[in-house]
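Asker: Chain by chain, the residues run as shown.
2 protein chains.
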Amino acid sequence: MNANHPERRGSAWAPVITPFTSSLSVDTPRLIDHCRWLQSHGVGLAVFGTNSEANSLSVTEKRDLLSRLERAGLNPARMMPGTGHCAIDDSVALTRDAVQMGAAGVLMLPPFYYKGVSDEGLFRYYAEVIERVGDSRLKVFLYHIPPVAQVPLSLGLIERLRDAFPQTVVGIKDSGGDWAHTLNLIERFAADGFEVYAGSERFLLDTLRAGGAGCISATANVNPAAIAALAGAWQDADADQRQAGLNQVRDLFESYPVIPAMKAAKASFSGVDDWHRLRPPLVELDSQRRQSLLAALEAQGFSMPEGKDVSH
Amino acid sequence: MNANHPERRGSAWAPVITPFTSSLSVDTPRLIDHCRWLQSHGVGLAVFGTNSEANSLSVTEKRDLLSRLERAGLNPARMMPGTGHCAIDDSVALTRDAVQMGAAGVLMLPPFYYKGVSDEGLFRYYAEVIERVGDSRLKVFLYHIPPVAQVPLSLGLIERLRDAFPQTVVGIKDSGGDWAHTLNLIERFAADGFEVYAGSERFLLDTLRAGGAGCISATANVNPAAIAALAGAWQDADADQRQAGLNQVRDLFESYPVIPAMKAAKASFSGVDDWHRLRPPLVELDSQRRQSLLAALEAQGFSMPEGKDVSH
Numbered sequence: 000m001n002a003n004h005p006e007r008r009g010s011a012w013a014p015v016i017t018p019f020t021s022s023l024s025v026d027t028p029r030l031i032d033h034c035r036w037l038q039s040h041g042v043g044l045a046v047f048g049t050n051s052e053a054n055s056l057s058v059t060e061k062r063d064l065l066s067r068l069e070r071a072g073l074n075p076a077r078m079m080p081g082t083g084h085c086a087i088d089d090s091v092a093l094t095r096d097a098v099q100m101g102a103a104g105v106l107m108l109p110p111f112y113y114k115g116v117s118d119e120g121l122f123r124y125y126a127e128v129i130e131r132v133g134d135s136r137l138k139v140f141l142y143h144i145p146p147v148a149q150v151p152l153s154l155g156l157i158e159r160l161r162d163a164f165p166q167t168v169v170g171i172k173d174s175g176g177d178w179a180h181t182l183n184l185i186e187r188f189a190a191d192g193f194e195v196y197a198g199s200e201r202f203l204l205d206t207l208r209a210g211g212a213g214c215i216s217a218t219a220n221v222n223p224a225a226i227a228a229l230a231g232a233w234q235d236a237d238a239d240q241r242q243a244g245l246n247q248v249r250d251l252f253e254s255y256p257v258i259p260a261m262k263a264a265k266a267s268f269s270g271v272d273d274w275h276r277l278r279p280p281l282v283e284l285d286s287q288r289r290q291s292l293l294a295a296l297e298a299q300g301f302s303m304p305e306g307k308d309v310s311h
Numbered sequence: 000m001n002a003n004h005p006e007r008r009g010s011a012w013a014p015v016i017t018p019f020t021s022s023l024s025v026d027t028p029r030l031i032d033h034c035r036w037l038q039s040h041g042v043g044l045a046v047f048g049t050n051s052e053a054n055s056l057s058v059t060e061k062r063d064l065l066s067r068l069e070r071a072g073l074n075p076a077r078m079m080p081g082t083g084h085c086a087i088d089d090s091v092a093l094t095r096d097a098v099q100m101g102a103a104g105v106l107m108l109p110p111f112y113y114k115g116v117s118d119e120g121l122f123r124y125y126a127e128v129i130e131r132v133g134d135s136r137l138k139v140f141l142y143h144i145p146p147v148a149q150v151p152l153s154l155g156l157i158e159r160l161r162d163a164f165p166q167t168v169v170g171i172k173d174s175g176g177d178w179a180h181t182l183n184l185i186e187r188f189a190a191d192g193f194e195v196y197a198g199s200e201r202f203l204l205d206t207l208r209a210g211g212a213g214c215i216s217a218t219a220n221v222n223p224a225a226i227a228a229l230a231g232a233w234q235d236a237d238a239d240q241r242q243a244g245l246n247q248v249r250d251l252f253e254s255y256p257v258i259p260a261m262k263a264a265k266a267s268f269s270g271v272d273d274w275h276r277l278r279p280p281l282v283e284l285d286s287q288r289r290q291s292l293l294a295a296l297e298a299q300g301f302s303m304p305e306g307k308d309v310s311h
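Chains A and B are the protein sequences, given in the same order. Per numbering that gives the first Met the number 0, the first sequence starts with residue 0, numbered consecutively. Per numbering that gives the first Met the number 0, the second sequence starts with residue 0, numbered consecutively.
Chain A extracted, bound-state conformation:
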């Protein structure tokens, strides 16, 4: 891939936040509406990510949800469900479903209970899942998120997985928050098409300029159109200015716990108070922090596209 190919467009994805009812079950119609809204603004659907509270959902729930999203007519070519679990059987079951629905790929966490595990053990885990799914349509994006999973994916492991499964292990999301590491991944692996995604739009322009693929970022849930626009037009003259605009919004959300803050913003702009809710162990923003977040968003002139009623 030529990093400066004039046709090359970046790609932006949202780890889709998950709405819950008062009994803490998933509010599927509202989730579908949010997915449609995100797709309409140009971002892909990385459902079942960290920001989706995916590990707070059972595998049974996720399989059911995936089939409902499919039946709702969302575009599977712009879906990348998170399918990595601690138990191989669980990862296989959800990955198989994603492949069968025609998803663009799956974003696969390493098993994250044991810490300090070996590259050999992680290799065997991914190999076992890939071989059990046994489908040439499978595209795996590795999910490197050491601050949360506490199980990093080393360069040696990535290389070994690519060598063993060159048609299957096709990309990575780097949520380490360290640009030098993302750049290293791009320089080492992107030349032959391996897709490196930054875990935050803060690195979107840098990623695309270096030859990466784009970003899969929490705040694409609340700021999708602007992020998708920069991913598409990153070679335009105003790209740095756009990036600065994205950073301003990102900075604000990062000054709060990000998932509750996004849900608070979504609740406010949609007028649907239920959006505040999270599954334990996560908790919603208290009313004082909600107020300060919303005041700061207003001071920035922030808005969600299509006005207040974005959920419907």
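Rather than coming from a laboratory, the hints here were simulated on the basis of the structure. A few of these clues could be false.
[Said to hold, decoys possible] Here are the simulated lysine-lysine pairs, BS3-like style, with alpha carbons at most 30 Å apart: (1) B:K114 to A:K114; (2) A:K114 to A:K138; (3) B:K138 to B:K114; (4) A:K114 to B:K138; (5) A:K138 to B:K114.
Following the hints, complete the assembly by docking chain B onto the known chain A.
Answerer: Chain B in isolation, oriented as in the chain A frame:
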């Protein structure tokens, strides 16, 4: 509870190691044999613990296994299944099964994916599970294992859970490896019957002398009789000498990755090579380390009760 009550006996439990077949499925008959062997040597069955590779098993597998263990006639009053998962639904399902089979209690991990979560969020998680199970027979033992889960349970959280559910939240396993912390838990909570278990037999005698309940320890899988004997006879004159003997075995296993080392010892003493196997991301000892472990065990004069064929 009077720590020096002459009748007070300590209690020892094994987080039961899980045997796998060549296709990595659970070898249920062999697991049942191992459970019977452990019970016959006086240790309780903390199935589905960290050393059981429980998070590498799906919830469906665990529910099925629990029902097979019940049908095999193992004594539920000496069973304490691990039932804590990241998703509340999963924890509720397995906890309910354990209560219905008459298990002595359940050992409950906190949700361990998100890090840096609040006490409020952890309280809500445990409260939600307890309320959904909604059964007065439920006895929850909290599972504090910060080196692995990376989600510690604070003293304030424990106090709040005990206050809210005094008949249900009845004990804790402390796998932090810090005796000062275990002692603190005992001094703060054990006086009215809250059962504090050390996560290693290294602290068994200290725990019992301070007023704790005993230990739930990995190496009870390989050294059950001696550990159970000290738990029962900790007030005897030779207790310190017995403790020193336990420590010698423990030191040896701790000089290897403990789960693979226990499986290697079990494979050797049972003559069943399949015992070596682990589910990824864990890996077995290589042959050189196996040899050195077995040589060191032999040098110590270590043996498993009932000779070589302990599995059958």
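Asker: Hint by hint, which ones does this structure get wrong, listed from lowest number up?
Answerer: none
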